[in-house]
Amino acid sequence: MSTKRKPLMQLKPELAFVIRTKILQTDFENATLTTKRSASNTAKCTFLDKLPSEIRLHIYELLLVNPIVGTRNSVGYYSSLEPSPNILGACRQIYNEAAPVLYGKNTFFIQCSRETLEFDKERCGCEVKQCQSCNESRPCQYYADFWNSYNHVPFEPSLTRYWDNTEDRNWFMTLDKVPSFNLVQHWKVVISPLDVFPHGIRCKWSLSPLCCAIAQASPKSIEIAIVSLRRRLSWGLQNRIFEECLEPLRALRKVGSISFTVAQEKDLIFVSQGEIRDNDPNYTPKASLLEELRGLVTSDCEREFLRPMYERLLRYAQSYERFQPFRLMMELSSRHTRIADEFGSEFDKYHLIAEQTPYPYKEHPVELGLFDAKATILKNDGAHFRFFRNTVLEYLEHQHEKIMLTRENIIHFIKKGKVASGIFDLALAQRDSKLATSDIPEYETNQGLLLLEDYAEAFIRELPFDNRAIFNRHKAKLKKVYHSREREELISQLYGAADDGNLPDFMILFKSAFDDLEKQYMEIQTARQLLFTADIFRDRGLEEGLDIEEFTCEDGIDWAIDTSVLPFYATIPNSSGSFECGGL
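Final position of the sequence shown in UniProt numbering is 584; the numbers increase by one with none missing.
Mixed in with the good hints, there may be bad ones.
To be verified - Think about it this way: if two alpha-carbon atoms lie no more than 25 Å apart in a straight line, the pair counts; the simulated DSS-like pairs of lysine-lysine are:
1. Lys479 with Lys519
2. Lys266 with Lys105
3. Lys511 with Lys402
4. Lys416 with Lys479
To be verified - Here are the in silico distance ranges between beta carbons for each label pair:
5. Leu450 with Ala383: 32 to 38 Å
6. Thr298 with Asn409: 29 to 35 Å
7. Ile536 with Pro358: 37 to 43 Å
8. Glu523 with Leu463: 16 to 22 Å
9. Asn409 with Asp372: 21 to 27 Å
10. His398 with Gly104: 47 to 53 Å
11. Asn409 with Ile536: 38 to 44 Å
12. Ile353 with Ala383: 33 to 39 Å
13. Gly295 with Pro464: 45 to 51 Å
14. Ser492 with Glu401: 24 to 30 Å
15. Ala383 with Thr526: 24 to 30 Å
Read the hints as simulated data drawn from the structure, not as lab findings. We put the beta carbon where it would ideally sit given N, CA and C, even for glycine.
Kindly generate the complete structure, drawing on both the sequences and the hints.
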């Protein structure tokens, strides 16, 4: 007679502990447990198959469901939240089964702005200079939190407690760097509409980083706990403050439910004596404003996501820059941020190169346009984003036209030379080099070199006068950066092959240099094709006359095909009347 299994909810804590310990000790002893990496490639855990799915789910809940993550106790550098969610990194099966428990059954707390200008001196007696009681040579943690909050930094949520923000000092400006933000289904967010020190009321940006991070996630619930105003202001000014404070919520759609409450003392990280007693629930947003936001946030109407639109613009602009450190500097969230600080220690090598090499494009129109376009993401300002995008595209369009013209010239030259006894005749190149060279007029090799150089120069970024002055000041260092690239070395070797009359080497080097240029050309064209794929509305904000046409398949060069045997290869129309796209 089989033993009837006990109901799941009657599973004894002792047994649950034993099973949990068994899981942790069996297959996971050698697992690298870190939340900054994806789950292990190990697909299955042999021990898990011995447990029914409902038992596994219950164990995940014992391990991962933690009410503390929904409270203020989860916030701060020194907060301790056990058990750790590192078990998700043990194997793919556990990640797939346990991630919905961690991110779907917990409510995550985050405080997005300062709720008071005072901090509780009873909790720490340190002066606002340096921690005296702790005998440390740096400001104490409470002062550090105070200073960060003054700068509109969201207090570190539990999701980022393993995120090494010493490597990414601007993490709070790009919370979408934390992949788990998109997985969270329930949020509790504390915001304050008042920040008066020292330059008056500035409250608009507190919710912006979070809303940008979860805009495409559509969580099931969001609770907004608002610290009520402690100053008696005019009704019009008070309404404007609340409208600006809650403005970032307009970026959200398809949220299951959203509620607005008055923040209580238990919700606040820093509380000064008497401040909570002064909170007046009457000094809260108008009911009509909250109802409007509730209807908008929970609706399924379309909206544009500026971040993917910006990422496509950034990719297009970066395709014109060949030096990797300078590419990365296009993406920095601040003109004064360093590469290693923004992207992490794995980018240290680029940071060192950038420190040794002056950056001549800091005030370049493209970089300035990208910086301004990125700033509109937090504001959810589509109109200004289109304006700055147009500024960037308008500047790059002149260079794109130059690239297209020089490419057309060299493509024509190569096709003309891929005939019998031509400069790129495959059969001729395979003959004795001296005999082959005598059959090719010298001016053809020189013409090919000039066309190749023109094509290469078209990819050099155009510089306004001020940037040219910076470039000229550091000409030796900057020229060394670019002249050490593979492309420039190949062209230099080409001149040597031409002087020696070595046609086979000339053909090999010419082909390699041209293919390197074509690689960047295709990168530009591919990025250009994707420029507007994230746009929802037809209005792209382009100036009249600026037509960013979609990329179409164009004739390339297939060095293995001899033009002389396929004279009509690219000129025969297909059944639809258009011409086939081929390579010659």
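So, going through the hints one by one against the coordinates:
Our distance criterion of 25 Å between C-alpha atoms is met by Lys479 and Lys519, whose separation comes to about 22 Å. Between the alpha carbons of Lys266 and Lys105 the distance comes to roughly 21 Å, so the proposed pair stays at or under 25 Å and holds. The hinted pair formed by Lys511 and Lys402 meets the criterion: a straight-line CA distance of about 21 Å does not exceed 25 Å. A hinted pair counts as satisfied when its Cα atoms are at most 25 Å apart, and Lys416 with Lys479 does not qualify at roughly 34 Å.
The hint said 32 to 38 Å for the Cβ distance between Leu450 and Ala383, and at roughly 46 Å that hint is violated. Separated by about 58 Å at the C-beta atoms, Thr298 and Asn409 break the suggested range of 29 to 35 Å. In this structure the supplied range 37 to 43 Å holds for Ile536 paired with Pro358, their Cβ-Cβ distance being about 40 Å. Hint check: Glu523 to Leu463, Cβ distance near 21 Å, so the stated range 16 to 22 Å holds.
Judged by the Cβ atoms, the range 21 to 27 Å given for Asn409 and Asp372 is violated: they are separated by roughly 36 Å. A beta carbon spacing of about 51 Å between His398 and Gly104 agrees with the range 47 to 53 Å that was offered as a hint. Checked against the hint of 38 to 44 Å, the pair Asn409 and Ile536 passes, with Cβ atoms roughly 39 Å apart. Evaluation of the 33 to 39 Å hint for Ile353 and Ala383 yields a pass: the beta carbon distance comes to about 38 Å.
Remark: the range hint 45 to 51 Å for Gly295 to Pro464 is upheld by a beta-carbon distance near 47 Å. Distance hint check: the CB atoms of Ser492 and Glu401 are about 28 Å apart, consistent with the given range 24 to 30 Å. One distance hint, 24 to 30 Å for the beta-carbon pair Ala383 and Thr526, holds here, with the actual separation near 28 Å.
Against the hints set out earlier in the document, violations occur for numbers 4, 5, 6, 9.
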